[in-house]
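Visitor: Following the hints, complete the assembly by docking chains H and V onto the known chain B.
Protein chains in written order, with the working numbering: chain B, 2 to 328; chain H, 3 to 245; chain V, 34 to 382.
Keep in mind that the hints were calculated from the coordinates and are not lab data.
Predicted model, so just to flag it, every value in this text is computed and none were measured.
Please note: incorrect hints may appear among the correct ones.
Stated by the list, open to error - Heads up, incomplete: computed chain V residues facing chain B, CB under 7 Å, no partners named: (1) L155; (2) A164; (3) Y165; (4) E175.
To be verified - Below, simulated DSSO-like cross-link-like pairs (lysine-lysine); rule was C-alpha separation at most 30 Å, straight line: (5) K132(B) / K160(V); (6) K132(B) / K369(V); (7) K160(V) / K369(V); (8) K16(H) / K160(V).
All C-beta atoms, glycine included, are put in the ideal place defined by N, C-alpha and C.
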Amino acid sequence: MATLDPDEVRAPTARAVPWLRIGVIAALVVLAIGLAYVRSGSGVVVVQAVATGVLIGGVYGLIAMGLTLIFGVLDIVNFAHGSFLALALFLTFGLTQAGLHPYLALAASVPAMFLLGVLVQRGVLAGAMGKPLENQLLITLGISLIIENGLLLFFGANPRSVALPGDRGVPIFEAVANLSRILAFVGALILAGLLYLLLQRTRLGTAIRAVAANDTGAQLVGIDTRVIYAVTFALGTACAGAAGTLVAPLVTIEPTTGSLFNIVAFVVVVLGGMGNVVGALVGGLVIGLAEQLGGIYLPGQSPLLSVFIVFVLVLFLRPQGLFGRSA
Amino acid sequence: MTLLRVDGISKSFKGLRAVDEVSFEVAEGSILGVIGPNGAGKTTVFNLITGALRPDTGRVHLAGREITGHVPHQVTAAGMTRTFQLMRPFYSMTVLENVTVAVLAGGAARRTARTAAAELIERVGLGRWRDAPTEGLPTAALKRLELARALASKPRVLLLDEVLAGLVPAERAPVMELLERLRTEDGVTLVFVEHIMAAVMRLSDSVLVLDLGRVLTSGAPEEVTRDPRVIEAYLGEDPHAHA
Amino acid sequence: MTTTTDTPAAETAAGRPLPRLPWNRHLVAIAVLAVLLVPLPLILPAAQASVAVRVLIFALMSIGWNMMSGFGGMFSFGHAAYFGIGAYACAWLLVEQRVSPWIGMLAGMVIAAAFAALIGFLALRYKLRGAYFALATFAFAEMLRLWATNSDFVNRAVGYHVPLRTDSSWWWLQFEPSSPNYFWIALGLTVVALVVSVQFVRSRAGQFTKAARDDEEAAAAVGIPVMRYKLLTMALSAAITAVAGAFYVQYFLFIDPDLAFGSSVSIQAILPAVIGGVATIWGPVIGSVVMGPLNDVTATMLRNPPPALEFLQGRSGLDVIVYGILLIIIVLVLPKGIYGTIRQRWSRR
Numbered sequence: 002m003a004t005l006d007p008d009e010v011r012a013p014t015a016r017a018v019p020w021l022r023i024g025v026i027a028a029l030v031v032l033a034i035g036l037a038y039v040r041s042g043s044g045v046v047v048v049q050a051v052a053t054g055v056l057i058g059g060v061y062g063l064i065a066m067g068l069t070l071i072f073g074v075l076d077i078v079n080f081a082h083g084s085f086l087a088l089a090l091f092l093t094f095g096l097t098q099a100g101l102h103p104y105l106a107l108a109a110s111v112p113a114m115f116l117l118g119v120l121v122q123r124g125v126l127a128g129a130m131g132k133p134l135e136n137q138l139l140i141t142l143g144i145s146l147i148i149e150n151g152l153l154l155f156f157g158a159n160p161r162s163v164a165l166p167g168d169r170g171v172p173i174f175e176a177v178a179n180l181s182r183i184l185a186f187v188g189a190l191i192l193a194g195l196l197y198l199l200l201q202r203t204r205l206g207t208a209i210r211a212v213a214a215n216d217t218g219a220q221l222v223g224i225d226t227r228v229i230y231a232v233t234f235a236l237g238t239a240c241a242g243a244a245g246t247l248v249a250p251l252v253t254i255e256p257t258t259g260s261l262f263n264i265v266a267f268v269v270v271v272l273g274g275m276g277n278v279v280g281a282l283v284g285g286l287v288i289g290l291a292e293q294l295g296g297i298y299l300p301g302q303s304p305l306l307s308v309f310i311v312f313v314l315v316l317f318l319r320p321q322g323l324f325g326r327s328a
Numbered sequence: 003m004t005l006l007r008v009d010g011i012s013k014s015f016k017g018l019r020a021v022d023e024v025s026f027e028v029a030e031g032s033i034l035g036v037i038g039p040n041g042a043g044k045t046t047v048f049n050l051i052t053g054a055l056r057p058d059t060g061r062v063h064l065a066g067r068e069i070t071g072h073v074p075h076q077v078t079a080a081g082m083t084r085t086f087q088l089m090r091p092f093y094s095m096t097v098l099e100n101v102t103v104a105v106l107a108g109g110a111a112r113r114t115a116r117t118a119a120a121e122l123i124e125r126v127g128l129g130r131w132r133d134a135p136t137e138g139l140p141t142a143a144l145k146r147l148e149l150a151r152a153l154a155s156k157p158r159v160l161l162l163d164e165v166l167a168g169l170v171p172a173e174r175a176p177v178m179e180l181l182e183r184l185r186t187e188d189g190v191t192l193v194f195v196e197h198i199m200a201a202v203m204r205l206s207d208s209v210l211v212l213d214l215g216r217v218l219t220s221g222a223p224e225e226v227t228r229d230p231r232v233i234e235a236y237l238g239e240d241p242h243a244h245a
Numbered sequence: 034m035t036t037t038t039d040t041p042a043a044e045t046a047a048g049r050p051l052p053r054l055p056w057n058r059h060l061v062a063i064a065v066l067a068v069l070l071v072p073l074p075l076i077l078p079a080a081q082a083s084v085a086v087r088v089l090i091f092a093l094m095s096i097g098w099n100m101m102s103g104f105g106g107m108f109s110f111g112h113a114a115y116f117g118i119g120a121y122a123c124a125w126l127l128v129e130q131r132v133s134p135w136i137g138m139l140a141g142m143v144i145a146a147a148f149a150a151l152i153g154f155l156a157l158r159y160k161l162r163g164a165y166f167a168l169a170t171f172a173f174a175e176m177l178r179l180w181a182t183n184s185d186f187v188n189r190a191v192g193y194h195v196p197l198r199t200d201s202s203w204w205w206l207q208f209e210p211s212s213p214n215y216f217w218i219a220l221g222l223t224v225v226a227l228v229v230s231v232q233f234v235r236s237r238a239g240q241f242t243k244a245a246r247d248d249e250e251a252a253a254a255v256g257i258p259v260m261r262y263k264l265l266t267m268a269l270s271a272a273i274t275a276v277a278g279a280f281y282v283q284y285f286l287f288i289d290p291d292l293a294f295g296s297s298v299s300i301q302a303i304l305p306a307v308i309g310g311v312a313t314i315w316g317p318v319i320g321s322v323v324m325g326p327l328n329d330v331t332a333t334m335l336r337n338p339p340p341a342l343e344f345l346q347g348r349s350g351l352d353v354i355v356y357g358i359l360l361i362i363i364v365l366v367l368p369k370g371i372y373g374t375i376r377q378r379w380s381r382r
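So that you can see chain B by itself, here it is in the shape it has in the complex (with noise of 0.2 Å):
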């Protein structure tokens, strides 16, 4: 007889919509926000920070869907995730110095991370499949000091930026949000929800799902387990691709800025379950909004801290995330 292992038995329910525990998580974004407002005490502010909030937090939703996709998959913590978003970032700034417009520069960097992703897959971590996790964490993070590095030699560290043509402050309510953030918060959900869709209406969506859910059984049934890590781990690559390109208008771009949304997004793949696309949506808005609290609450404190304080708290209270695993 097997020992009876409390976590197997939990499956069949995570279908259902968790309904309470979306209402616990309101209610604590509620909580948060009004705790904000007696801490500052300007309506304003606080507009401003959950605006501010929730726009970036989009961004960091489908950097982490990436992230959390090749985790649920290929059971691989992906530490290069950030630099393949700085190569993005820097190939938006090379076409934009082109003359290309930002934007069309998805149109390169997505197809460009993809055939990435799938190169370092097959060409590096497919030799440490199977094998130890700390294997893998090692190699990725081998990866990261490579592309970052590499970055750093050819660009050197020195600060660039893209500017949007056109961009300007569009009023949100008493807030002001710029609209380059405003476009790549709408670009992040509608591709998220493009992700989403792939995973769930496809042949190919239905593959991956197999493949996370028993990579054994889905051999079995006739799919190429080689193939599909390959696509998982592109997939999971070019959405941080085109999250590279939507904020390159907002951020300073150095070989280190992808390290920075690596650790955020860390963050939100625990916080929304390792391996739950929905819930790594779900928690880059929580983790937003986090960030930009958290600048109210510890004035003077990088706004960082009150992630990783998150971060703590939910991978000691809650490690399984909000929503559980399930891919």
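Guide: This is chains H and V only, laid out in the frame that chain B set:
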């Protein structure tokens, strides 16, 4: 004298009752065989009384002391050690090192631990594998290693989870002899989960039958195996067939 | 076949001598190596001597990491936390309180050990494993970095400069920049760390930790209080890495939040052990010997690049790229590391 007393322990996993009000007693120096179809809750009972899992209800007493809710290393320190159904050696170590660690954990001095471990290894008949890495050891040797490691803590009660499974009949006899010697020479009390009925019949003073997490019946081996409920629990599968 | 192991073998084998343990050989090797290395800074030109010191700093960090993540099997991606605590404790006490760096080093070790035990307790209490454990350690190191960057208590992002002295002093751990004393001190600290790690692995605590790494449940079943020994291992590991941080400050005379707590510091603690061989006594040392000089080689190359790569002049990053490539190759080709692989071949013969 009762050495191990289990009173009404239960455990549920997400509403599923894996172990339901199981009670039994084991007298010092006796051998209790635990049988039951797959999924009857045998290993879960072991996990509950050794502290690997915490029971929802019920109590466990060892030599008059309550050990309910103790964590595994405390249970071992209190005098009850278990082996694992699937062999779980310390894979980076040789057989000798495996047993030495266990001897050290029992409180022996570093100076004497290796000699004591070597003696235990001879005793369970693992001598020729003593300096071999555990990687690549045959099942029979790994089963004996489990036994040697468990003995290292000088237990008063030894819980054996299918020590004979995976052994060919020729390999079983010496292990059974060893178990009998443990009782007669060392006075160790044994509780063993086993599918191989011949071994249960030969070794046990009494037999406990579990089915669907409950005690179906208990008593002398001959009585129990003739009990129609036992035969039915095995779903028409003759409990003697394994032998 | 296995039945024959029973009686006859038992009798003939009873008097067989036990295999010899390698620990004393390790200790002898450490002693010999230490003695051989003592004249090194007197022979080497100044630039090479500083490479040698850097090798020793790498080795110290990585010996610490290896204890927790190699022998203990708890993969830390946040040893920068302990390195940084060592560095900041030393710098803060020296700059703000005029306390000797030796005492600062001890204080750093104690604080780092306590911090590690706290993180460890939380991580083990909440049963974090694998990726989650690594991410948690990473998060704590990053939190310290962010806190240090924004906290007046430790001078924010500016960090600390060690005040320069006009004289050489052992008590204040400061000499002329080219003094061989730096090398000797680093060598002494590394030797102590190596001896500690040998003694640790052969000790009860070390053996229990290895057993718990191999199989936690089985370890508990033979009576090992797993949690206690894991925490002990983490604390010891952190203390050793903290020594590296404290020495680093005194040698480079400067520390800031990124140099102390940055994720690249954690990587520098991991790499030597991975390259040399995780969970081996000599792995971190051998890996450091490989890594230390690389930095120098690439820096020289970037100062005077070959004509085809003229545009790279004065750039940085090449050293880390080489680390990254090395890391991938080692993990794919020699997962047991250089020393681990050699040792395995040796014992198979």
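Visitor: So, for every hint listed, does it hold in this structure?
Guide: Right, here's what the structure says about each hint:
no. : hint              : verdict
1   : L155              : 6 Å, holds
2   : A164              : 4 Å, holds
3   : Y165              : 6 Å, holds
4   : E175              : 6 Å, holds
5   : K132(B) / K160(V) : 22 Å, holds
6   : K132(B) / K369(V) : 12 Å, holds
7   : K160(V) / K369(V) : 27 Å, holds
8   : K16(H) / K160(V)  : 20 Å, holds
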